[in-house]
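Chemist: Next come the chains, spelled out residue by residue.
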Amino acid sequence: MRKILLTSAVFGLAYAGFLGYQTVKAQDQELSPEEEIRLVQEFNRMMAEGINPGEIWAEMGKEAFKKYNLDKCDFGLGPGKIEGALAQLPRYFPDAKRVMDLETRIGWCLQQYAGMTPEQVKKFATQCWGKSQCMGEYDAIVMYVSMASNGHKINVNLKDPQVKRMHEIGKQIYYARLGPWDFNCATCHAGQKEARIRATRLWSADRPGEAGQAVSIFPKYLVRWAQPMTMHYRYAECMRQMRWPTFEPHSDLAVALSTFLYGTANGTEIKVPGIGR
Amino acid sequence: MRKTLFLGLLAIGLVGISPAQQKKQPTKKKAGVKPEEVRRVLLSGFEQDPKFLWKIEQDESQRICSQYPSMEAMPPRQYKRL
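Residue numbers (this note's numbering), protein chains in the order written: chain H, 5 to 281; chain F, -19 to 62.
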């Protein structure tokens, strides 16, 4: 009897282990070709119909904006004024004594008016990183404020010495080869020759107007993740792909890159949210 | 004869003007950003990673070394930075 019980227990455990392995294996697998085709078809349909699910975040952001007292936040045009705010950012803010882009300013205002600590702000800003179908309030706020600038042309004041300095630093970092693979931003996003990653055509800072087309649509809704991607999340993803260390949102590095990219994109009309695969 | 003399003078004039014009051209002003500042901004954006920092230092040493034919030819100020 004991032998039967022992044999059953051993087989039971082995079967449970097998089931567990199958589950993990299934989770690790990439999308099936059918699922991928379905997503591409869904993406094409959305593009054709002009539907952008990213706009849902803007609705949510309107409420979150008030909830976190961001109507007291000055984005450079006066407290609570967000129409055209993205178009003139990054800029120097005397109250914070530093140049800030939109997301850095939101982070700073969350500390000032919502009583968050820097750690809480970081957690809030990165709550949807590495996830899919995530309805984050931070992404929603960024989307709401960004969409208020639709139709405005990017106009970063590069005559301001502080902004000009950040622009130059951003440019140097953009072209600095770093990390174990000696990658830089320019590895993918520079040069006259057209580059691709799989089927995605990569924009180049050296081809006129392309930097503008790239940054003027951020935050951008990504169909494969079913959620929007903010500019700082984009930087973090690029740096992860380049095997650089983990990126800190709202840092001077983020501001320098934003100043270089938005400064290069001066004159381009903002069309948020963009949509991508 | 006069024609040859004229062409000769013209050629001398052109040869002289070209370097003079090059000298006159204002050199492009570099924005006042120090490498240390770029490095500070860069590192402000990352969680601490000793390997990444080590690689930056190695790259900088390599850049300095590549400017001189030998260690003896290197100024002490640069040598200290290695």
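Just so you know, not all the hints are guaranteed correct.
[As the list claims (entries may be wrong)] The calculated DSS-like cross-link candidates involving lysine-lysine, where the alpha carbons are at most 25 Å apart (straight line), are:
#, chain 1, residue 1, chain 2, residue 2
1, H, Lys163, F, Lys31
2, F, Lys14, H, Lys126
3, F, Lys31, H, Lys101
4, H, Lys168, H, Lys66
5, H, Lys275, H, Lys66
6, F, Lys31, H, Lys168
7, H, Lys101, H, Lys163
8, H, Lys85, H, Lys70
9, H, Lys135, H, Lys157
10, H, Lys135, H, Lys71
Simulated from the structure, these hints should not be mistaken for laboratory data.
Chemist: Run every hint past the structure and note whether it holds.
Modeler: Comparing the hints with the structure gives:
1. Between Lys163/H and Lys31/F the CA atoms are separated by roughly 38 Å; this puts the pair beyond 25 Å, and the hint is violated.
2. Our distance criterion of 25 Å between C-alpha atoms is broken by Lys14/F and Lys126/H, whose separation comes to about 29 Å.
3. For the given pair, Lys31/F sits about 32 Å from Lys101/H by alpha-carbon distance, which is inconsistent with the 25 Å threshold.
4. Taking the CA atoms of Lys168/H and Lys66/H, the gap is near 32 Å; set against the 25 Å cutoff, the hint is violated.
5. Restraint check for Lys275/H and Lys66/H: the C-alpha separation of about 18 Å stays at or below 25 Å, so the hint holds.
6. A distance of roughly 31 Å separates the Cα atoms of Lys31/F and Lys168/H; the hinted pair therefore is violated under the 25 Å criterion.
7. Taken as a hint, the Lys101/H and Lys163/H pair is honoured in the structure, with Cα atoms around 17 Å apart against an allowance of 25 Å.
8. A distance of roughly 13 Å separates the Cα atoms of Lys85/H and Lys70/H; the hinted pair therefore holds under the 25 Å criterion.
9. Proposed proximity of Lys135/H and Lys157/H is contradicted: the alpha carbons are some 32 Å apart, above 25 Å.
10. Of the supplied pair hints, the one linking Lys135/H and Lys71/H holds, its CA atoms being roughly 24 Å apart against a limit of 25 Å.
Consistency with the previously given hints fails for numbers 1, 2, 3, 4, 6 and 9, ordered from lowest to highest.
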